[in-house]
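With the hints as extra help, turn the sequences into a complete structure.
Heads up: the protein sequence lines correspond to chains C and Z, in order. In terms of the working numbering, the first sequence has 53 at position 53, counting the first letter as 1, and numbering is strictly consecutive. In terms of the working numbering, the second sequence has 100 at position 100, counting the first letter as 1, and numbering is strictly consecutive.
Just to be clear, a hint being listed does not mean it is correct.
[Claimed, not checked] Simulated crosslink set (PhoX-like; lysine-lysine; CA at most 25 angstroms straight-line):
#, chain 1, residue 1, chain 2, residue 2
1, C, Lys49, Z, Lys49
2, Z, Lys88, Z, Lys221
3, C, Lys88, C, Lys2
4, C, Lys221, C, Lys88
5, Z, Lys2, Z, Lys88
6, C, Lys2, Z, Lys49
7, Z, Lys221, C, Lys49
Simulated from the structure, these hints should not be mistaken for laboratory data.
2 protein chains.
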Amino acid sequence: VKTVGAFIFDQMTMLDVLAPHQLLGIHPEFQVVTIAATPDPIITDTGLKIVPDYSVHNAPDIDVLLTGGAGDMVGPLSNPAVIDWFRKAGEQAEWVTSVCSGSLLLAEAGLLDGYRAATHWAYLPFLAHYPQVTASDERVVRDRNRITAGGVTSGIDFALTFLTEACGPESAAMIQLITQYEPMPHGPNGHPRTAAPEVVAAVTERFEPLAAGLVAFYAAKAT
Amino acid sequence: VKTVGAFIFDQMTMLDVLAPHQLLGIHPEFQVVTIAATPDPIITDTGLKIVPDYSVHNAPDIDVLLTGGAGDMVGPLSNPAVIDWFRKAGEQAEWVTSVCSGSLLLAEAGLLDGYRAATHWAYLPFLAHYPQVTASDERVVRDRNRITAGGVTSGIDFALTFLTEACGPESAAMIQLITQYEPMPHGPNGHPRTAAPEVVAAVTERFEPLAAGLVAFYAAKAT
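Dropping the structure here:
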């Protein structure tokens with residue numbers, strides 16, 4: 001049984017990491033543990049309270065490093081103990097993975113230097129602050145042992161892609177059927193390249209205050 | 001702001017209810033709270049530890065009743081305090097909703113009598129134990145103020161359908177774009193009607209021990 005270490009933090013967008021927690025966690029070859037900056041419960045951006053299994057100070061060795069993202073990533077990005085743990089855990093892990101803006105954390109720890117990586121569509125400009133990372137607009141990107149994915153709901157696609165790559169298509173098929181993944185069509189509003197312009201405008205406006213902290217974070221790094 | 005009361009319990013399949021927690025919780029018109037049988041933390045089927053916001057004994061009035069399911073639903077189904085809370089909360093709520101085998105809980109509380117309802121494909125035979133409920137194999141079913149959905153990953157489709165019905169298509173479009181819901185194709189293994197026979201056989205075998213408790217529960221009810 002391989003251990004997936006899922007990093008969790010206050011104000012996280014929990015679906016990023018909990019969709020893979022569910023899909024990998026029911027697979028017999030994986031056990032998922034949650035790891036936070038401290039042992040205290042964290043509260044997600046929609047108010048869910050999660051008790052971490054470990055903190056970065058007592059986390060076990062992990063085989064798969066996984067992180068999700070958040071609207072405002074500055075908390076974990078600016079925590080040296082967190083970035084240090086990512087660097088060490090990522091160097092030892094068999095797989096280094098992320099969903100949504102979680103790829104910024106991998107990039108900050110240097111784990112994506114020389115790799116192609118995905119992120120939430122609205123956070124591609126932030127990934128561009130790491131010149132050694134090749135940002136991609138694809139939904140799931142595998143580059144050697146790095147697998148990174150786009151926004152929030154792509155965590156399901158990430159998990160099935162990961163299972164296919166790590167265990168083979170039979171594993172992915174079994175988990176797909178158990179979790180009944182046969183998505184309904186919901187029209188073109190899942191990505192700005194196809195969404196209605198007024199929807200893109202409304203959502204872009206909504207992201208601006210959320211991302212203000214990141215703008216300041218990268219401006220300070222550049223000076 | 002309307003309150004969504006999400007029921008959580010030990011050994012739950014957390015994605016059922018946490019996908020809607022994420023998608024509805026980021027919508028400005030909704031606040032999601034978690035409600036468990038007792039105030040103690042619950043542990044999901046993949047080992048996630050969640051601290052509930054309320055127990056059924058001190059839960060606030062809710063506008064939207066939401067529950068997910070589990071492989072083995074006997075714990076909550078056989079807990080009179082839980083079923084009693086469902087009955088009262090469901091009678092007062094504006095919307096009564098479920099994902100996955102959570103519809104068995106709504107049915108047990110009598111909340112689906114005279115309604116059409118969905119559930120996880122493998123749990124349709126259990127929903128048939130409620131003769132006043134019309135079980136449906138659709139992914140998301142709306143029947144008046146009841147919205148019920150199929151297995152696990154249908155929680156995202158449930159949430160977007162609910163937003164469309166409760167707030168209009170603009171709300172659903174905004175949340176779809178924020179969460180980048182543009183699923184990748186993963187082939188036919190998302191439902192037994194299209195999946196490879198050997199995948200269906202392997203998964204059916206896996207569900208058997210999980211569902212053994214439910215078989216005994218309904219056998220005892222019938223006598």
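Structure-based check of all given hints:
1. Under the criterion of a C-alpha separation no larger than 25 angstroms, the hint pairing Lys49 (chain C) with Lys49 (chain Z) is consistent with the structure, at around 9 angstroms.
2. Distance check on the hinted pair: Lys88 (chain Z) and Lys221 (chain Z) sit about 22 angstroms apart at the alpha-carbon level, within 25 angstroms; holds.
3. Taking the CA atoms of Lys88 (chain C) and Lys2 (chain C), the gap is near 18 angstroms; set against the 25 angstroms cutoff, the hint holds.
4. For a cut-off of 25 angstroms, the pair hint linking Lys221 (chain C) to Lys88 (chain C) stands: about 22 angstroms separates their Cα positions.
5. Distance hint between Lys2 (chain Z) and Lys88 (chain Z) is fulfilled; the C-alpha atoms sit about 18 angstroms from each other, no more than 25 angstroms.
6. Proposed proximity of Lys2 (chain C) and Lys49 (chain Z) is supported: the alpha carbons are some 20 angstroms apart, at most 25 angstroms.
7. Restraint check for Lys221 (chain Z) and Lys49 (chain C): the C-alpha separation of about 36 angstroms exceeds 25 angstroms, so the hint is violated.
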